[in-house]
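These protein sequence lines map, in sequence, to chains Z, E and L. With the first letter of the first sequence counted as 1, position 124 gets the number 124 in the numbering used here; the numbers rise by one all the way through. With the first letter of the second sequence counted as 1, position 163 gets the number 163 in the numbering used here; the numbers rise by one all the way through. With the first letter of the third sequence counted as 1, position 202 gets the number 202 in the numbering used here; the numbers rise by one all the way through.
Hints may contain errors.
Pairs of lysine-lysine residues, derived as DSS-like cross-links and limited to a Cα-Cα distance of at most 27 angstroms, are as follows [said to hold, decoys possible]:
id	chain 1	residue 1	chain 2	residue 2
1	Z	7	L	245
2	L	375	Z	239
3	E	109	Z	180
4	Z	154	L	3
5	Z	204	E	109
6	Z	112	L	298
7	Z	204	E	24
8	Z	102	E	84
9	Z	180	E	108
10	Z	180	L	245
11	E	109	Z	185
12	L	298	Z	185
13	L	409	Z	102
14	E	84	L	375
15	Z	185	L	303
16	E	131	L	298
17	E	24	L	409
18	L	375	Z	185
19	Z	204	E	108
20	L	409	Z	4
21	L	304	Z	193
22	Z	101	E	16
Hints in this document: simulated from the structure, not taken from any laboratory.
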Amino acid sequence: MFTKILKQILLVSLLFFSAGIIISALLALVPDIYVQDTILNRVINNFNTYITFDYNDIQFGNFSLWEVILSRSIVSLYIISTTVFLIFLTGIPFGYYISYKKHSSFIQIINKIVCALSSVPILIWALLFNYIFFSLFQKSPEYDTINNESTFWKYVIFLLPPFTVMIGDGILADVIRRMKEETDKILNEDYIKVLHARGLSTNKHVFHALLPVIGSVFSDKISYLIGGIVVVEYVYNWKGLGWGILNAITRAGTKNYDFVLGASMVLVAVILIVYLINEIITILSDPRLRDN
Amino acid sequence: MQYKYSDSILKVNNLKTYYIAHGKVIRAVDGVTFNVKYGERIGVAGESGSGKTQTMLSVMGINSGVPGIIDGNIILENKDYLDKLPKYCTIEKNHNTLTITKDIYCWKKWHFNSMKRILGSTISMIFQEPKSSLSPFFTIEKQLFDTFKKRNHKPDKSKFIESVNYIFKKLQFNNPEEMLKKYPHQLSGGESQRIMMALSLLCKPKILIADEPTTALDALTRYRIIELFKKVIKDRTMSLIYVTHNLNILKNLVDKIIIMYKGKIVEQGLIKNVMRESNYRVHPYTEFLKSFLSEKTDLSQLFDNVSIQNNKNNNNITGCKYYLRCPLKEKLTQDEKKRCRFVEPPLFKVDTNHYVACWMKGV
Amino acid sequence: MRKSFHVTEQNQQKQVFNIFNTKYIEFFLGTIILIILILGNILVYFKQDTLMKIDVRNQPPHLQFLQKILYKPPELNIQYQEKNNQQMSLFDNWFNVDEGNLFELIHVPIGMEIDKEKKKLIWRPNKNQKGKTIIKLKIHPGKEKKAVINSRPHFTAIIGDLYHFNIKYRLVKTNEKDINTIIEFPITVSEKIHPLGTDGMGRDVISCILFGTKWTIIPGLIVIFVSISLGTTFGGYAGYYGGIKNQFLSLITNLFAIFPSLLIIFLTAAIFNFNIYLIMIAVGLITFPRVAVGVKNKVLSLKKRQFIEAAQELGLSDSEILWKDIIWYNSRNLMITNITHSFIFAILIEVTLSYLQLGVQGKSNSWGNLLQHGKDQLYYGEYWLVLIPVIAVLISITGFYLLGDGINKLFFIKKEH
């Protein structure tokens, strides 16, 4: 069992390394009139900064690059974790419940409404919420102004971006559909029938069977979540990693490639950690996968 | 508890289970009536699709499908578990159409709640696929303990291990401690089927239903498991219902046999009467099944006569379901043919404890 | 809840007409929306110059029901004034109410007449009044009263028509001190009717939307072409042969899956100098691994059914089995869902990129560009530049979803065993 886990960790580190190479290569291809090097030189320079991790030495205004990346990543990581938590609370139990109560048409209607609502792109929800928030409360949900507000508004402003990311881009619809399909598959298995024939409750077994599904759902959707987070940061003006990357690429003048490299590596690391957790959960929860 | 051997432990009366899918209706169980007495052994035989598995699942209450059980009585130890069925399900007949209205979710909930106590303790079932019948996530010890917990309110680990050892010895397990630590995917087919039997016997049920337990196994394990069955039911404290499509197995195992075809019971009787070679008063379907044993099969009865079925004028077969395959119809007069085709034959008494549902053989 | 089933004696189920079950509605709605998009494309291609006419900027929509949708003007427009800063006062202490003097007209467009008895303002705009004008009201509430005025904000007046303005109000008790508040009702006067208003450059919103359809069909086709061709080949080979090809595919899938897709798209947008067609090729490359995984799973599940061995015995070659039997006959459902989802993904990416100013640039406007221009106007209450493109995006997305579902249900339903 542990050899399998070690293999996964090795694979993840390999992927992380190659991701760094690819991003540094891509950054070198961006046409920039302010940089005079050849493409190969740029690739090597980018790769050097990536490998040697010299972020403390590079300056970015008054702060070192390391501090900037850190402060930005706190914002982004907060949004990611709250979104994952919210999906875990709402989408997954709902998907299970839908499959459980297959014959109730009321729930099917609610399911259709939720899926239709969640197919709306994140951009549109973000614009909508931003506008409603502003017109109702005359406040702008910005991260910088949070400390001046009372605690109630703090909670609302803190929860607004994760909520927007959760219900956009078809993420919730996909999660619910996937949970429903997998629960259907599991409830059709033989051992559930046998457990019913003995009058025992099947909750423990269904939960155990659903653990790897939950992990795979999250590892599938995490890259879309991060895409949504970039949009949300731009609309609500929260200065996180995605906002920083956009700013670094689209601004006039010298573009800040080191920041883009560092920020993208943080996001890639998040995705890889979720992938690793998913693999570990599948190996641990299913005894059939423990031995070869 | 004192009970007479002549009392019935299970009475099934006019059980009907219909399924509707893709616009077609499957009458899986269509008016099935039979009795099981204490300590009696019954075999149910029929081909695939005859409804024998569905009958047993309906009796247990674990059938899944829409609409499911719609009518009947299942009386187990003098309690009818379908007595509240008319509250949830109504049937109306308007000359050509049958309208079934059923509250599926509430019925399932209520039925499961009322059957929860007896499932596994009074009546228990062994299924066809042993390898996928065990939950793959827990060790065997845990799964046995779950079932043990159900019967006793104060489960004691030592008592559990005692009864498990006793049952394992009976089922000829060499190394019970090693077996308990294993996971289900590490067992062979025969071993897992024996574990299923152990699970069923752990709570000392009064009826054991075995649904084709040896179909998925090879010949040698099949023989071993049937010998185990005979050993387990030797003392007649437990009734057995054995469902199969192979009449050979039932010859030395059961007292009574029930033959089903397309959801209905076509023959019911003591096995020595039904299986006697010289007995000509058996249903044509039984003769067909018996002919497999003696290798003198009449291949013309293998499939439904398609030409009759496709003829549009002849689409209305409301009578005997075996009409399309019956070899007797060639020797019938027009009136007798009409009767076989349009009127359903009831079960005629042919001998003591021997009933046949055929117009020609029964009268 | 009870469900009814009707069973005939021929073992058929009588179909009761149920409106939620009609598969035709989805299919027809989807095709209608697709046809509208294609027609828009054709119209733009042929009539490019004649469609776009410049007019008064930031004109609100002329459709009556759109003007009734919204709310009171945001409080940005309320100014505190200590003196009477009047530009044109016709009547002081007009609109006398029981609680005292409430309103005072400060500014009114030229030519507006006041009907004192019916409490209305009547106005016929002039040719010379083209552009923005304003009606300003001043409220004199009592010490503990404040008037909340509801009326139609952002009105469009067409030259030559006659308009009546009714101003309705209600009193609200507040704890604020005596504040003189001025409330403005902006009116835009123009010559032509623009049913959905104009944007910041004076272009009609309807023609902007039509121009934007240009960016829905063709980028989607590019993405489909790239992702589905690559996806089916990779997935088919990986599922059919297994072994090394399977591992290779899973490696590539992992490699593409670890990148947050939007970031790579931003980088490619910067690399390709914001050329939307090249970006769509890169999007296709990013999305093909998911398609490949789906196809691979389907091929594996079909392999288990063992009809492949039968086909091999009949003498069909491997590639024939793979392409004809498996993919063409059996996985049509999957293909259609992949196609529609790729289309939707392409539209979403294109709108997001244009909104972030990384996509379509320059004169030609896509829907995302409209959103970018209009997002600041939201704070002034000018909602139409955001609402209309949002509705257009939503309609096209739902159209593709419905089309995919409808085609699947109508033509490609498989009978289950």
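Hints and how they fare:
no.: 1; hint: Z:7 <-> L:245; in the structure: 20 angstroms, holds
no.: 2; hint: L:375 <-> Z:239; in the structure: 19 angstroms, holds
no.: 3; hint: E:109 <-> Z:180; in the structure: 20 angstroms, holds
no.: 4; hint: Z:154 <-> L:3; in the structure: 48 angstroms, violated
no.: 5; hint: Z:204 <-> E:109; in the structure: 19 angstroms, holds
no.: 6; hint: Z:112 <-> L:298; in the structure: 26 angstroms, holds
no.: 7; hint: Z:204 <-> E:24; in the structure: 36 angstroms, violated
no.: 8; hint: Z:102 <-> E:84; in the structure: 23 angstroms, holds
no.: 9; hint: Z:180 <-> E:108; in the structure: 20 angstroms, holds
no.: 10; hint: Z:180 <-> L:245; in the structure: 31 angstroms, violated
no.: 11; hint: E:109 <-> Z:185; in the structure: 21 angstroms, holds
no.: 12; hint: L:298 <-> Z:185; in the structure: 16 angstroms, holds
no.: 13; hint: L:409 <-> Z:102; in the structure: 20 angstroms, holds
no.: 14; hint: E:84 <-> L:375; in the structure: 62 angstroms, violated
no.: 15; hint: Z:185 <-> L:303; in the structure: 19 angstroms, holds
no.: 16; hint: E:131 <-> L:298; in the structure: 25 angstroms, holds
no.: 17; hint: E:24 <-> L:409; in the structure: 18 angstroms, holds
no.: 18; hint: L:375 <-> Z:185; in the structure: 46 angstroms, violated
no.: 19; hint: Z:204 <-> E:108; in the structure: 20 angstroms, holds
no.: 20; hint: L:409 <-> Z:4; in the structure: 43 angstroms, violated
no.: 21; hint: L:304 <-> Z:193; in the structure: 24 angstroms, holds
no.: 22; hint: Z:101 <-> E:16; in the structure: 24 angstroms, holds
Hint compliance for this structure: hints 4, 7, 10, 14, 18, 20 are broken, all remaining hints hold.
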